[in-house]
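Take these sequences, add in the hints, and give me the full structure.
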Amino acid sequence: MNLINYIYILTYVSPLILTLGIMVGAYYYSSLNSISRLLLFYLLASFIFDILSRVIGMVNGNNLILWPLLGLLELAVFSKLYLKFIKKRKGIWTLVLMGIVYMLLEIVYIDSGNETAFQPYSKIVASFLVVLMVLVYFFQNIDSEVKISRNKLYLNFTILVFFAFNLVLLLPLNFLINEGSDLSFSVLLVYLIVNLLFYSYLIYFIWKNGKNPKPLLYGL
Amino acid sequence: MEEWQKPETITLWIVIIGSFLILLLGFIMLLVRTIFKKIVRTKMAESKAQLEHQEKLLDTTIKTQEIERKRIAADLHDALIGKLTVLKLKNQMNYQEKDSVYLIDDCIATARRISHDLSPPLLEYTPLSELLQEILQPWENSLQIVCRYDIRTNYNHTDDFKIQLTRIIQELITNVSKHAKATQISVHFRQSQKGQTLLLKDNGQGFDMDKYAKGLGLNNIETRVKYLQGTYHMKSIIGKGTSALFLFKSSNNNLL
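Just so you know, the sequences run in chain order X and S. Position one of the first sequence corresponds to residue 1031 (this note's numbering), numbered consecutively onward. Position one of the second sequence corresponds to residue 8 (this note's numbering), numbered consecutively onward.
Simulated from the structure, these hints should not be mistaken for laboratory data. In this text the structure is predicted, and so the values were computed from the model without any measurement. Glycine included, each C-beta is placed from N, C-alpha and C at the ideal position. Treat the hints loosely; a few may be bogus.
[Said to hold, decoys possible] Take a look, some chain X residues computed to stay more than 10 Å from chain S by CB distance:
1. S1044
2. L1103
3. W1123
4. V1131
5. S1179
6. N1186
7. L1213
8. F1215
9. V1220
10. Y1221
[What the hints assert, rightly or not] Examples of chain X residues toward chain S, derived with CB under 7 Å:
11. Y1038
12. T1146
13. A1147
14. Q1149
15. L1165
16. D1173
17. V1176
18. L1197
19. L1201
20. N1204
21. N1208
22. G1210
Structure, rendered in structure tokens:
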């Protein structure tokens, strides 16, 4: 079995983990706070994207059209999460709106059928903006000396690391799609593992919140 | 030609990675600056609080000095001068040697008491444990005093140390006598290689620490403990009594 086979098998872990997360979220739904509910929605949307990508891949031959849509989803979810807690949000709002406009244009104009020319930047823009929002949020808390609980600190840190990885790993997407070398498969494998770890942490966060529901005192 | 092989694509990727790095570096720099600002702010607040505290202690010292002067003046006026005036009048009106001698003895005893109050006699030659007994003795009529001395190591106490500790105990016992309505005081004094501890406990009514923590008496005690480079911890439970623990770490030069 070579690397491709391993990656292929590992891709099936993703919907399983997401299903588990949705079940955990649904079980504790009534005691979840707004953050956990939003993360649950993100897991649900990711699960739908996972299934859709497999179906569209089988029908169309490629599922690249979903790539910019996934970026849009991520930006929508995480900007909703952070813009609620960032105080000076005017500048960030403008950037997010510009990002959304760019993504919509990319969705409309990109030719997902032409794999050799397919190089979207939606996910890069989304990752960049999410990282920016996390950093602004961190800075805001440090500056105003507001104590962040350990759970929330870990959640923010996980989001920061995940989107920083996303940005760096997925920037050369065209290379990853077209260059069938071990290097590109290794990068995809790392991306897959990072995704699985991210989903697992979100599930753990939702489970912990559902098990010990606490009022949201200091924001995210 | 695939997209990733085009020079403009690679340039764009480098620009994106560069921007990302600049964002991270900018954040780190801002963070460092904020943390430094915060440290400076905290240190300034700490210094200010310390300065205020020192000013308060100085104020307490001055006030205590004044109170002590008033007390000595009252002692001299009420006890000694009163008795000397009586003696003078008796001598002027009807001299009787027996009465005069009795009154002179009484005056000498009063003067001695005032003098002892100001500075215990033979301070230099009296061990601390004996000195403590002497301080506590006058109170034994009104309070049941349980003493325990645990002397494991001998110390060469300075006169200053002895007098300051004496004042602390006098202050505490005066407080107990005046306000605590206690019937019993236990005193535990321990001298060991590590240091000296003094624990005073009473079974009185206790007091609200938050309300009286800034009082003159407690500030006075704090000033003296700081002067002796010691630490103290006071605990009071309403209805159960008060305990005060003093710790003075040993330094090699005062160990015998």
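Hint check results:
No Cβ of chain S comes within 10 Å of the Cβ of X:S1044; the nearest lies about 25 Å off, and the non-interface call holds. Non-interface status of X:L1103 relative to chain S is upheld: no Cβ of that chain comes within 10 Å, the nearest being about 21 Å off. Every CB of chain S is more than 10 Å from the CB of X:W1123 (nearest about 18 Å), matching its label as outside the interface. With a closest Cβ-Cβ approach of about 18 Å to chain S, X:V1131 is found to remain outside the 10 Å limit, as its non-interface label requires.
Interface exclusion of X:S1179 from chain S stands, the closest Cβ pair being 20 Å apart, more than 10 Å. Non-interface status of X:N1186 relative to chain S is upheld: no Cβ of that chain comes within 10 Å, the nearest being about 13 Å off. The claim that X:L1213 lies off the interface holds: its Cβ sits roughly 12 Å from the closest Cβ of chain S, which is beyond the 10 Å cut-off. No Cβ of chain S comes within 10 Å of the Cβ of X:F1215; the nearest lies about 15 Å off, and the non-interface call holds.
With a least CB separation of 17 Å from chain S, X:V1220 remains clear of the 10 Å interface cut-off, as annotated. Against chain S, the non-interface label of X:Y1221 holds: every CB pair exceeds 10 Å, the least being about 16 Å. Annotation: X:Y1038 was flagged as interfacial toward chain S, and the flag is violated, the nearest CB pair being 23 Å apart, outside 7 Å. Here the hint on X:T1146 is kept, as its CB sits about 5 Å from the closest CB of chain S, short of 7 Å.
With its C-beta approaching chain S no nearer than about 5 Å, X:A1147 sits inside the 7 Å limit, and its interface hint holds. Against a cut-off of 7 Å between C-beta atoms, the interface hint on X:Q1149 holds, since the closest Cβ of chain S lies about 4 Å away. Interface restraint check for X:L1165: the shortest CB-CB distance to chain S comes to about 5 Å, inside 7 Å, so the restraint holds. At its closest, the beta carbon of X:D1173 sits 5 Å from a beta carbon of chain S; the interface hint therefore holds under the 7 Å criterion.
Proximity of X:V1176 to chain S is violated relative to the hint, the smallest CB-CB distance being about 13 Å (cut-off 7 Å). Given the 7 Å rule on beta carbons, the hint for X:L1197 holds: about 6 Å separates it from the nearest Cβ of chain S. The beta carbon of X:L1201 comes within 5 Å of a beta carbon in chain S, closer than 7 Å, and the hint placing it at the interface holds. Because the closest C-beta pair between X:N1204 and chain S is about 4 Å apart, less than 7 Å, the hint holds.
A cut of 7 Å between beta carbons decides the hint on X:N1208: the least distance to chain S is about 5 Å, and the hint holds. Because the beta carbon of X:G1210 sits about 12 Å from the nearest beta carbon in chain S, more than 7 Å, this interface hint is broken.
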